[in-house]
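Chemist: Sequence:
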Amino acid sequence: MALNNPILDATLNSISLEEIKKEMGPPPWSHAVVLADHVAGVVIYQNSGQINDNHCHNYDEWWIVLEGEIDWVIEGREDKPVHAKAGDFVYVPAMTFHHIFPKGGKPSVRLGIALPGTGGHLHERPDRKVKVTVE
Numbered sequence: 001m002a003l004n005n006p007i008l009d010a011t012l013n014s015i016s017l018e019e020i021k022k023e024m025g026p027p028p029w030s031h032a033v034v035l036a037d038h039v040a041g042v043v044i045y046q047n048s049g050q051i052n053d054n055h056c057h058n059y060d061e062w063w064i065v066l067e068g069e070i071d072w073v074i075e076g077r078e079d080k081p082v083h084a085k086a087g088d089f090v091y092v093p094a095m096t097f098h099h100i101f102p103k104g105g106k107p108s109v110r111l112g113i114a115l116p117g118t119g120g121h122l123h124e125r126p127d128r129k130v131k132v133t134v135e
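Note that the sequence shown covers residues 1 to 135 in this note's numbering.
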């Protein structure tokens, strides 16, 4: 992933998805379009059937599906996967495991938006120092 080389910055304020796809080539790939102190935006281009690992993050994450179809299996609602297509938004809170499945026989493109964080894909929950009880 090319997170250290974002496409958009103070000198380039806009770019089209087609320009990014032309530059990056065929899937699979991911590339940061924005990487600032307070937000990261990553374009992810995957072939149908190419699944991601089941993981969580220490930050909230959300996506906009730009092309294709993608299923999200989200912890706590494993019996009802989210099926998203172009134009749909999907949100997963921090420390919630999710598994992403591009579907539909064609490549999919999504824009992932999150805080630039540490930890990347976590496969186990780190110990929490704060315990919250909701009654």
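Derived by calculation from the structure, the hints in this document are not laboratory data.
Errors might be hidden in some of the hints.
To be verified - No more than 35 Å apart at the CA atoms, straight line, and that leaves these computed lysine-lysine pairs for DSBU-like:
id : residue 1 : residue 2
1  : K80       : K106
2  : K21       : K85
3  : K106      : K21
4  : K85       : K106
5  : K22       : K106
6  : K80       : K103
7  : K85       : K22
8  : K103      : K21
9  : K21       : K80
10 : K103      : K85
11 : K103      : K22
Chemist: For each hint, tell me whether it holds in the structure or not.
Modeler: Status of the hints after comparison with the structure:
For a cut-off of 35 Å, the pair hint linking K80 to K106 stands: about 23 Å separates their Cα positions. Proximity of K21 to K85 is assessed by CA-CA distance (about 19 Å); at most 35 Å being required, the pair is judged to hold. A hinted pair counts as satisfied when its Cα atoms are at most 35 Å apart, and K106 with K21 qualifies at roughly 15 Å. Pair hint K85 plus K106 holds up; C-alpha atoms about 12 Å apart against a cutoff of 35 Å.
Annotation: proposed proximity of K22 to K106 holds, straight-line Cα distance about 17 Å (limit 35 Å). Using a Cα cut-off of 35 Å, the hinted pair K80 and K103 holds, with the two alpha carbons roughly 16 Å apart. For the hint pairing K85 with K22, the CA-to-CA distance comes to about 22 Å; that is within 35 Å, so the pair holds. Between K103 and K21 the alpha-carbon distance is near 19 Å, which keeps this suggested pair within the 35 Å criterion.
Between the alpha carbons of K21 and K80 the distance comes to roughly 32 Å, so the proposed pair stays at or under 35 Å and holds. Proximity of K103 to K85 is assessed by CA-CA distance (about 9 Å); at most 35 Å being required, the pair is judged to hold. At most 35 Å may separate the alpha-carbon atoms for a hinted pair to count; K103 and K22 meet this at roughly 22 Å.
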